[in-house]
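Novice: Sequence:
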Amino acid sequence: MVQFLHRFEEAGIGLLLVAMTLLVFFEVILRFFFNEGLLWAQELTLYMSAWLVLMGASWGLREGAHIGVDALVKHLPAGTQKVVTLIALGGCLAYCGLFLYGSWIYLSKMRMIGIEMEDMPIEKWKAMSCLVLGFALLALRVFSLGYEVWTGKRAGFGFIDEAKESMHLAQELEAEYDAKEGQNK
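In our numbering, the protein residues as written are 1 to 185.
Any given hint might turn out to be false.
Under the rule of at most 27 Å between Cα atoms (straight-line distance), these lysine-lysine pairs were calculated in the DSS-like manner [claimed, not checked]:
#	residue 1	residue 2
1	K153	K74
2	K82	K153
3	K109	K124
4	K109	K126
The following label-pair restraints were derived from C-beta to C-beta distances [said to hold, decoys possible]:
#	residue 1	residue 2	range
5	L15	E123	18 to 24 Å
6	L140	V84	18 to 24 Å
7	A65	W40	27 to 33 Å
8	W40	E176	47 to 53 Å
In case anyone wonders, no lab produced these hints; they're calculated from the structure. Here a beta-carbon is modelled for each residue, glycine too, at the ideal position from N, C-alpha and C.
Can you build the whole structure from these sequences, using the hints too?
Specialist: What follows is the structure, encoded as structure tokens:
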């Protein structure tokens, strides 16, 4: 089940990215070379980007690609780190829950009213269903991360450590510079 979720996210994100790129490219070609355009291209691109962002947030949490501020938490004892991380994850789950609830209410009303998108004959609730799917995926990832922290498989969120990456990059550049200096002598 988890592998299916991984593949679904990756395939969805990749497909959306390719489709958006091709659609915008095609629209630019039509506008600049043929003085024509697709009336619905901008709206479709907007909704596809919403799907991409919400699915990408879930994927980013899985990959540890989000930037976080954990300078204080890193200096706490391991047990306290675990508690603080679980509290933060609880807050994230509450946030996802609020958005899931609000999205469900919004989509229910949109479906009941029957409003269509401005430029395409598609009901707006179908296009906006990315809200429920995106926050459900994000909640699932937060819950999964919480389980890993609870069972000790993971120590924290697993944020990108920009300072560590920058220092590693600086050391590589310094070594490369020193190697070139050694060759020039």
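Novice: Now look at each hint and say whether the structure bears it out.
Specialist: Hints, one by one, checked against the model:
1. With a C-alpha separation of about 17 Å, the suggested pair K153 and K74 falls inside the 27 Å cut-off, and the hint holds.
2. Restraint check for K82 and K153: satisfied, since their Cα atoms lie roughly 11 Å apart, inside the 27 Å limit.
3. Pair hint K109 plus K124 holds up; C-alpha atoms about 10 Å apart against a cutoff of 27 Å.
4. This hinted pair checks out: K109 and K126 have alpha carbons roughly 12 Å apart, not beyond 27 Å.
5. In this structure the supplied range 18 to 24 Å holds for L15 paired with E123, their Cβ-Cβ distance being about 22 Å.
6. Separated by about 22 Å at the C-beta atoms, L140 and V84 satisfy the suggested range of 18 to 24 Å.
7. Taking 27 to 33 Å as the suggested C-beta distance range, the pair A65 and W40 conforms, at roughly 32 Å.
8. A C-beta distance of roughly 50 Å is found between W40 and E176, which places it inside the suggested range of 47 to 53 Å.
Figure legend: structure checked against the earlier numbered hints; every hint is met.
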